[in-house]
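Residue-level listing of the chains:
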Amino acid sequence: MTEAGSHLRWRPRLRGLFRHVVLIVAGIVMIYPLLWMLASSFKPDALIFAEPGLIPTDFTTENYSRGWNSLAHPFSYYLMNSFMVVSGAVLGNVVACSLAAYAFARLNFRFRRLWFAVMLMSIMLPIHVIIVPQYVLFSELGWLNTFLPLIVPKFLATDSFFVFLMVQFFRGVPKELDEAARIDGAGHGRIFLQIMLPLAVPALATTAIFTFIWTWNDFLSQLIFLTDPDMYTVPIALRAFLDSTGQSSWGAMFAMSVLSLVPLFLMFLLGQRYLVRGIATTGLK
Amino acid sequence: MAVPGEVSKLRKTAGPATRAPSEKGDGKAAALFLMPWFVGLVLIVVGPLLASLYLSFTNYNLLQDPELVGVENYRQLFQDPRLLQSLQVTFTYVFVSVPLQLAAALGLALVLDKGVRGLPFYRSVFYLPSLLGSSVAIAILWRQLFGTQGLLNQVIDWFNGIQPLVHIGTQGWVSDPAYALGTLITLNVWTFGSPMVIFLAGLRQIPQMYYEAASLDGASKLRQFISVTFPMLTPVVFFNLVLQIINAFQTFTQAFIVSGGTGGPVDSTLFYTLYLYLQGFGNFNMGYASAMAWLLLVIVGAMTALNFYASKYWVFYDD
Numbered sequence: 000m001t002e003a004g005s006h007l008r009w010r011p012r013l014r015g016l017f018r019h020v021v022l023i024v025a026g027i028v029m030i031y032p033l034l035w036m037l038a039s040s041f042k043p044d045a046l047i048f049a050e051p052g053l054i055p056t057d058f059t060t061e062n063y064s065r066g067w068n069s070l071a072h073p074f075s076y077y078l079m080n081s082f083m084v085v086s087g088a089v090l091g092n093v094v095a096c097s098l099a100a101y102a103f104a105r106l107n108f109r110f111r112r113l114w115f116a117v118m119l120m121s122i123m124l125p126i127h128v129i130i131v132p133q134y135v136l137f138s139e140l141g142w143l144n145t146f147l148p149l150i151v152p153k154f155l156a157t158d159s160f161f162v163f164l165m166v167q168f169f170r171g172v173p174k175e176l177d178e179a180a181r182i183d184g185a186g187h188g189r190i191f192l193q194i195m196l197p198l199a200v201p202a203l204a205t206t207a208i209f210t211f212i213w214t215w216n217d218f219l220s221q222l223i224f225l226t227d228p229d230m231y232t233v234p235i236a237l238r239a240f241l242d243s244t245g246q247s248s249w250g251a252m253f254a255m256s257v258l259s260l261v262p263l264f265l266m267f268l269l270g271q272r273y274l275v276r277g278i279a280t281t282g283l284k
Numbered sequence: 000m001a002v003p004g005e006v007s008k009l010r011k012t013a014g015p016a017t018r019a020p021s022e023k024g025d026g027k028a029a030a031l032f033l034m035p036w037f038v039g040l041v042l043i044v045v046g047p048l049l050a051s052l053y054l055s056f057t058n059y060n061l062l063q064d065p066e067l068v069g070v071e072n073y074r075q076l077f078q079d080p081r082l083l084q085s086l087q088v089t090f091t092y093v094f095v096s097v098p099l100q101l102a103a104a105l106g107l108a109l110v111l112d113k114g115v116r117g118l119p120f121y122r123s124v125f126y127l128p129s130l131l132g133s134s135v136a137i138a139i140l141w142r143q144l145f146g147t148q149g150l151l152n153q154v155i156d157w158f159n160g161i162q163p164l165v166h167i168g169t170q171g172w173v174s175d176p177a178y179a180l181g182t183l184i185t186l187n188v189w190t191f192g193s194p195m196v197i198f199l200a201g202l203r204q205i206p207q208m209y210y211e212a213a214s215l216d217g218a219s220k221l222r223q224f225i226s227v228t229f230p231m232l233t234p235v236v237f238f239n240l241v242l243q244i245i246n247a248f249q250t251f252t253q254a255f256i257v258s259g260g261t262g263g264p265v266d267s268t269l270f271y272t273l274y275l276y277l278q279g280f281g282n283f284n285m286g287y288a289s290a291m292a293w294l295l296l297v298i299v300g301a302m303t304a305l306n307f308y309a310s311k312y313w314v315f316y317d318d
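Chains as they are written, first to last, in numbering that gives the first Met the number 0: chain H, 0 to 284; chain X, 0 to 318.
Derived by calculation from the structure, the hints in this document are not laboratory data.
You may find that some hints are simply not true.
To be verified - Among chain X residues calculated to face chain H with C-beta under 10 Å, some are:
(1) Ala-103
(2) Phe-248
(3) Phe-280
For glycine and all other residues, C-beta sits at the position ideal for the given N, C-alpha and C.
Please build the complete structure, drawing on both the sequences and the hints.
Given below as structure tokens:
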């Protein structure tokens with residue numbers, strides 16, 4: 000009897016403990032490569048290859064100064080370029096996608112069902128299918144080696160994912176609010192600006208944060224549209240770095256890689272709540 | 000795309016709006032609000048889509064006008080050994096990494112769902128790699144992790160040091176054609192956090208009463224998983240599967256950086272998208288690249304359609 004009693008008491012506790020052990024081990028495996036890169040960025044090259052541990056036995060910041068100056072421009076130049084592209088993309092997506100989403104969520108127009116389906120389908124279209132003609136188009140317009148090919152399409156709501164995200168969100172806003180405003184004589188412009196947008200701040204923030212992270216990480220289109228080293232963004236600069244220095248200076252390479260991830264970490268910390276909710280409801284990556 | 004719980008609402012969105020009594024339609028307002036999206040759709044999406052279909056029937060190197068060659072590009076596709084290799088690499092990658100990734104995602108979601116203390120912390124730790132995974136920095140890290148002198152070999156050496164009986168060989172995982180693709184598969188599995196978050200949301204929607212009924216019937220935990228959790232979760236599994244397959248087919252950055260833009264060693268990481276890039280923007284065979292792009296579209300479309308078709312037999316909707 001007493002044995003059975005204690006049995007009942009320790010079983011759940013043991014299970015809880017086991018669960019934590021699984022989670023901690025899995026967590027360490029997940030995070031270790033990132034910590035290792037961070038630690039390696041503070042080690043002399045020789046030590047990176049000699050010790051798998053995280054605490055540098057010989058601490059140096061030389062990798063950072065060496066990496067910072069190892070391309071034609073200081074690394075801050077590429078960070079600035081990336082920030083310019085990202086700000087344009089964020090602004091474009093927030094403005095254009097919220098406009099389109101309002102129409103899909105609240106307005107009544109012909110073929111609405113059809114256009115909505117077209118919008119959903121365009122989410123699944125691989126970029127590779129359209130990038131060759133896009134390249135031809137932007138080259139005809141003289142936009143190659145400018146940031147325009149990376150920014151202008153965002154102002155045309157081509158990231159349909161965010162249109163969809165905001166449609167989902169707008170639909171949750173009580174209809175009574177805009178109907179009341181309509182009775183008070185407000186037009187759609189005012190309803191959109193003064194009722195929808197203030198209420199939709201979480202959706203706008205999710206869009207902004209995901210656009211930031213995706214554009215910051217985006218490699219293919221930046222690789223294709225920006226071939227002039229003066230226009231390089233962070234990912235392209237890192238790649239050029241890898242090609243020019245190769246195996247010889249992993250420390251400097253890791254240092255710049257760490258720097259390139261810092262803005263992402265900040266966005267992650269800032270937007271965690273939104274990110275988790277955004278991904279749970281729409282399956283954003 | 001919505002988590003299945005949302006699908007019914009989605010249908011409502013697509014349906015006709017409830018009309019305000021005095022209103023027939025908002026055509027003019029809609030035209031204004033949809034203008035940017037519509038211009039983008041025509042100029043940036045559908046226009047290029049049709050242009051690439053046209054280019055796929057031409058030889059085009061940007062300098063001379065496109066020259067019509069009929070189905071020649073498509074005929075060449077199936078005789079191009081590198082293209083066939085890239086298909087094989089890509090299919091292997093998709094069919095190995097996606098199931099592993101989803102299994103890891105589901106496994107950890109199940110562990111987390113049981114109400115662990117510090118859940119937001121664990122969730123963040125597992126989710127973070129999904130956000131960073133497609134960056135060049137992580138691809139560079141991976142290239143080094145699995146390099147001859149990389150972390151993996153350091154750990155193996157350390158293990159061999161304390162346990163000399165079970166000796167594991169070290170090698171350049173990235174430079175060995177037998178393992179190079181495996182390193183990229185690991186990278187994709189590592190980003191299981193985003194499907195995991197979706198699984199967590201799905202698990203939360205399963206009514207608790209099913210479990211209560213099951214345990215009254217004396218069902219074991221395993222039995223409950225097989226008879227309650229998994230069937231109730233199949234819509235979410237399906238959703239993740241479709242999404243991750245589409246994503247995996249488009250993998251580019253990781254393969255490009257890890258292989259130094261070549262798809263090597265001996266084309267063992269020549270992903271389809273990488274080969275498309277090399278043909279289009281390396282050799283400026285824009286016509287051939289366009290034909291490749293359309294083949295990709297057909298493959299991804301067919302995979303998605305197949306998925307939807309097969310879903311009738313295993314996805315369970317609780318309406």
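Notebook entry, point to check: Which hint numbers doesn't this structure obey?
Noted result: The structure conflicts with no hint, since it agrees with every one listed earlier.
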